[in-house]
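**Student:** Chain by chain, the residues run as shown.
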Amino acid sequence: MPSPSVSVESVTKRFSGHTAVNRLSLQVSAGGIFGLLGPNGAGKSTTIRLIMGILEPDEGSVSLFGSAHGSRKLSARIGYLPEERGLYKKMKVLDHLIFLGETKGISRADARRRALAWLERLGIGEWALKKVEDLSKGMQQKVQFAGALLHEPELVILDEPFSGLDPVNAQVMKDIVVEIAASGRTVLFSTHVMEQAERMCDRIAIIARGQTVVSGTVAQVKADFGGRHVALGFSHDKSRAEAILADRSLIARVDDYGASAELQMVDGADPGQLLAALVHAGVGLRRFEVVEPSLHAIFIARVGADAAVAHAGAAA
Amino acid sequence: MKKIIAVIRREFVERVRTRAFLISTILLPVFIVMMAVLPGLMMSGSDRTSRVAVVDASSVGLGQSVSQAMQSEKLGDGSSTNARYSVQVFPATTANLAAVRDGLIASTGFSGKGQKDGWDGVLVLTDDTLASGKLDYYGSNVGSLQSMSKLQRTVSNALAGVRLGKSGVDEALVKRAMAPADMDTTKVSDGKLTGQSGEDSFLIAYFMGFVLYISILLYGQQTMTSVIEEKSSRIMEVLTSSLTPFQMLLGKVLGVGMAGLAQMAIWGGSVFLVSSQRVHLAGIFGMSADAVRSFPIPSMAPGLLVVFLLYFALGFLLYGALYAAIGAMCNTIQETQQYAVFVTMSILLGFFSVFSLIKDPTGSLGVTMSYIPLFAPFTMPVRWSLSSVPPLQLALSLGLMVLALLACVWLAARIYRTGILMYGKKPSWRELWRWIRA
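Protein chains in written order, with the numbering used here: chain A, 1 to 316; chain B, 1 to 438.
Keep in mind that the hints are not guaranteed to be accurate.
[Stated by the list, open to error] No farther apart than 25 Å at their CA atoms in a straight line, the calculated lysine to any residue pairs in the SDA-like style are these:
hint	chain 1	residue 1	chain 2	residue 2
1	A	73	B	262
2	B	74	B	93
3	A	73	B	5
4	A	90	B	17
5	A	90	B	334
6	A	92	B	148
7	A	131	B	61
8	A	130	B	61
[Unchecked claim] Here are the in silico distance ranges between beta carbons for each label pair:
hint	chain 1	residue 1	chain 2	residue 2	range
9	A	83	B	406	43 to 49 Å
10	A	66	B	269	32 to 38 Å
11	A	29	B	345	55 to 61 Å
12	B	1	A	134	31 to 37 Å
Worth flagging that the hints you see were computed from the coordinates, not collected in a lab. Where a beta carbon is used, it is the ideal one built from N, C-alpha and C, also for glycine.
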C-alpha cells in the first residue's frame with residue numbers, strides 16, 4: 001500500500017492561550033478528492049498551514065508522501081492555494097505566474113508556456129500582459145489558482161477554493177479540481193459549504209474546535225450517522241405541517257429551509273405514518289422521499305452537539 | 001540557488017521597470033549637482049567681467065596703477081583669457097569728488113536689467129587712500145565675500161606697488177617681489193605618490209560617503225517597505241510554502257541592492273563618459289577647452305575603487321538585512337519608524353564621521369570606527385583615500401564586516417521566519433527574543 005499523501009498524527013497547535021488544533025489526526029490517501037469540512041474558526045486553515053509547514057505544530061507530527069521533510073523540500077510536488085489570497089499587485093499577470101513557477105523549480109521557458117496555457121484555459125488569456133491590480137477579484141483568484149497548479153503537482157491543497165467566486169467561475173474551478181483527481185492526483189480542499197463537498201469529495205473529515213468529529217468516505221460517514229431521513233418539499237399550506245413536525249415521538253430533528261425541510265425520524269418510527277399524517281392535515285407536498293442523511297444534516301447534528309459538549313467541558 | 005536567482009530577478013526587474021526608478025535616476029544627479037554647484041556659485045560671485053568705474057581724486061595718479069592692476073586680473077584659475085574687470089578711470093578733484101561719484105552711482109546696479117552702459121561698482125580713491133589704505137567701494141556685488149576679498153587684494157597689491165615705487169624701489173623688482181606663491185598639493189601613500197591632489201582626495205572621500213549614505217537610505221528603506229508590502233498583500237503565504245526565509249531574505253536584499261547598483265552604474269557611467277568627452281562636449285556648447293579643464297573631476301585609483309566597492313557591497317547588504325528584519329517585525333510603515341530610527345541613526349553617525357575623518361584620517365576615532373561593522377563602510381574607504389591603512393587593519397575590518405553580515409542575515413532570517421506571517425499586533429522585545437531562539 002502506498003504511503004498516504006498527507007498524514008497528520010495527533011497534532012496540537014496553540015496560539016497565545018487558545019488551542020486552534022487539538023490532537024487532530026488525518027490521513028489523506030493518494031488519489032481522489034478529500035474534503036476538510038468545518039464551521040468558521042474550526043481550525044481548517046490552521047490545519048492546512050500545519051500541513052504546509054508554514055506553522056510548526058506544538059505537538060504531534062505531519063508527514064507528506066511518507067516523508068517528514070516538510071513541504072518546502074517537497075514543494076515541487078505540492079500546489080497550494082492559501083485562504084488569504086495574495087499577489088504582487090504591480091506585476092504583470094504573466095510575469096507573476098512565471099515567477100511562481102520558478103519558485104517551484106520549473107524553468108522560465110516551461111513556466112511561460114504553461115502560464116499562457118492556463119490563462120487561456122481560465123478565459124483570461126488577453127489579460128496576460130496587464131498588471132495584477134487591474135484585474136477583478138475573481139480574475140485574481142483565477143490567476144492564483146493557476147499559480148498553484150502550474151507545476152502540475154501531485155498533491156493540490158486548496159484552502160476555501162470556491163469562496164468569493166460567482167457560479168460560472170466556481171463551475172470552472174470545480175471542473176479543474178475534478179479533472180486533477182481523475183488524472184490520479186490528490187486534492188485536499190477545505191470548505192464550509194457542505195453541498196459542494198458532498199457532490200465532489202470521495203473522503204471527508206469534519207472538524208470542529210480543532211478536533212476531528214467525523215472522518216471517512218462520504219458513504220461511510222452517512223452510514224455511520226444512521227437513522228432514517230426524510231426530505232420534504234412543500235407546495236402549499238406548510239403551516240398545517242407545524243404540529244406534526246413538532247411531534248418528538250415521531251421526528252427527532254428538523255432542519256427547516258422554508259420551502260423544504262430535512263427530517264430525522266425517531267428510531268423505529270415509520271415514514272409511512274408521517275406521510276399519512278401530512279396528507280391528512282392537508283399539507284401540499286411537492287416531494288416526500290426517504291433519503292440518506294445529507295452532509296449538511298450530519299454537520300449540523302455533530303458539530304452542534306460536539307460544540308455544546310466542548311463548551312460544557314471548558315466550563316467544568 | 002535557482003530559486004534565489006528567481007527572487008533576485010523579480011526584485012530587480014520589478015524595481016527597475018517602475019517610473020520612480022526612471023525619475024530618480026534622472027533627477028537625483030541633477031539635484032546633487034545643484035547641491036554641489038549652487039553654494040559655489042553663490043559664494044564665488046559672478047564669473048563674468050565686472051564693469052568698475054574708478055574715481056581718482058588722488059594727486060598722484062593712483063587711479064592709473066589701480067586700474068592697471070585690476071585689468072591684469074583674469075577670471076578663473078589663470079588659464080582663462082577673460083579679464084575679471086573692465087575698468088574706466090574718472091579723474092576728479094577733492095571739490096567735485098562727491099558730484100562725480102554720485103553721478104556714477106546713479107547708473108550703478110542696473111546690469112542685470114539690461115542697462116548696457118551701467119556699472120557694477122564704483123571705486124573711489126583719494127590721497128588718503130595711499131596714506132592710510134582707506135577707500136570706498138559702492139557696488140551691486142558687495143554681498144559676495146569672495147568678490148570683495150579678491151578686489152581688496154588687488155587694490156592692496158597696487159597700493160603696495162605704488163608705495164614702494166614712491167620710496168624709490170625699482171618697478172621691475174616690485175613686480176617680482178609681489179609675485180604670489182602657487183602651491184600644488186599631492187597625496188603620498190605607502191611612500192609613493194598617488195597622483196591625487198589634496199583637493200581631489202577630499203572630494204573623493206566626501207563623494208564616497210555621500211553615495212553610500214544616499215543609497216543605503218534610499219534602497220535599504222526599500223527592502224523594508226517591500227517586506228511590508230508582501231505581508232500586507234498576503235503573498236507571503238504562497239512564498240513561504242516554496243521558499244525558505246533565508247532564500248527570500250537574501251534574494252530580496254540582493255535584488256534591491258542590484259537595482260541600486262544599476263542606478264549607480266548609470267550615474268557613474270555617465271560621469272565617466274561626460275568627463276572623458278568633456279573637451280568635446282564643451283566645444284558643442286561653445287565653451288573653451290581651457291575653461292572646462294579647469295573644472296576638476298577627480299579620478300579614483302583602482303585600489304581605492306576596489307576597497308570602496310567591497311565596503312559598499314558589504315555595508316549595503318548589512319543594512320539591507322537589518323531593514324528587512326525590521327519590515328518582518330512590523331505591519332505598517334508607521335510602525336517600522338520606531339525601529340528604523342536606530343538604523344538611520346547609525347547611518348547618519350557613519351556619514352558624519354566622514355567629516356571628522358577628513359580632518360584626522362589616522363586618529364583613534366577613525367581606527368575604532370572602522371572596526372565597527374555598522375560604521376566601517378563609511379570610515380574605511382575614506383581612511384584609505386586620505387591616508388595609508390595597514391593591511392592588517394583592513395583585513396580585520398573586512399573580516400568583522402563579513403562576520404557581522406552573516407550574523408545579521410541569520411538573525412534577520414530568524415525574525416523573518418516567524419514575523420512574516422504575523423499579521424496581528426507588533427511583537428514585544430521579549431517575543432522577538434523568543435523568535436530568534438526558536
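**Student:** Next step is simple, just say for each hint if it's right about the structure.
**Tutor:** Hints, one by one, checked against the model:
1. A:73 to B:262: 33 Å, violated
2. B:74 to B:93: 31 Å, violated
3. A:73 to B:5: 17 Å, holds
4. A:90 to B:17: It holds: about 10 Å lies between the C-alpha atoms, which stays within 25 Å.
5. A:90 to B:334: 22 Å, holds
6. A:92 to B:148: Violated: residue 92 of chain A and residue 148 of chain B sit about 61 Å apart, past 25 Å.
7. A:131 to B:61: 81 Å, violated
8. A:130 to B:61: 83 Å, violated
9. A:83 to B:406: 43 to 49 Å: Once the Cβ atoms are compared, 36 Å apart, the range 43 to 49 Å for residue 406 of chain B and residue 83 of chain A is violated.
10. A:66 to B:269: 32 to 38 Å: 55 Å, violated
11. A:29 to B:345: 55 to 61 Å: 58 Å, holds
12. B:1 to A:134: 31 to 37 Å: 33 Å, holds
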